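**Q** Next come the chains, spelled out residue by residue.
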Amino acid sequence: EAGVAQSPRYKIIEKRQSVAFWCNPISGHATLYWYQQILGQGPKLLIQFQNNGVVDDSQLPKDRFSAERLKGVDSTLKIQPAKLEDSAVYLCASSGSAYEQYFGPGTRLTVT
Amino acid sequence: KQEVTQIPAALSVPEGENLVLNCSFTDSAIYNLQWFRQDPGKGLTSLLLIQSSQREQTSGRLNASLDKSSGRSTLYIAASQPGDSATYLCAVEKTTDSWGKLQFGAGTQVVVTP
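Residue numbers (my numbering), protein chains in the order written: chain A, 79 to 190; chain B, 93 to 206.
Hints are not guaranteed to be accurate.
What the hints assert, rightly or not - Restricting the straight-line Cα-Cα distance to at most 25 Å, the calculated cross-link-like pairs of lysine to any residue (SDA-like) are:
1. A:Lys140 with A:Leu124
2. B:Lys193 with B:Gln149
3. B:Lys193 with A:Asp141
4. B:Lys160 with B:Thr188
5. A:Lys149 with A:Glu178
6. B:Lys134 with A:Gly174
7. B:Lys93 with A:Asp164
8. A:Lys156 with A:Arg87
9. B:Lys134 with B:Val112
10. B:Lys193 with A:Tyr177
11. B:Lys193 with A:Glu92
12. B:Lys186 with A:Pro139
13. B:Lys134 with A:Asp141
Bear in mind the hints are in silico, worked out from the structure with no lab data behind them. Fair warning: this is a prediction, and the values are worked out from it, not measured in the lab.
Only chain A is shown next, with the shape it has when bound in the complex (with noise of 0.2 Å):
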């Protein structure tokens, strides 16, 4: 089966600007995570959505993140304006049953 696939790879912005990741789950997987992993650091969760209704965002800063899942496939997660310290690896990963989550090769964003 395909696995978690995540776009673009890297990304270099300034600061202020805004950005946002696209994620596409394994097919049927009602769970996705959004994970954010400072280098150095394991990966911290931002948001889960379980199919389109969000799950636990208490992590993720409303000021200037947002994600969505529509139609309770594919999801977008944008940061809007960037931090130098926003800079890290944007982890999503999907769900299917209980325990297995399945990771995405990340995107590495690098702000300026």
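Place chain B on chain A using the hints.
**A** Below, chain B alone, put in the same frame as chain A:
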């Protein structure tokens, strides 16, 4: 607040030596603990999952143990190979968090030299 710690942060061993990676967590109220592997420029791959009622899990050369009472898990990799070079992360799913929410440690970067 749950804290997940992995020590050491980096480890280098010669090929053939056994690897021992440690993970500790502060809150024992967990559903499960998972070990992941992360290669540079790639996402995470799940290696082993230990349910809270289990003491260990094995897959090939990998063995992971879990001691909830002491808040510790250990990943053993037998007879290491250069292909085992990667970053290894542990993650816990708390009973009080939303289903599937994982809290990760910072990882142990492993280098196996030929």
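**Q** Give me the numbers of the hints this structure contradicts, sorted from smallest to largest.
**A** 11, 13
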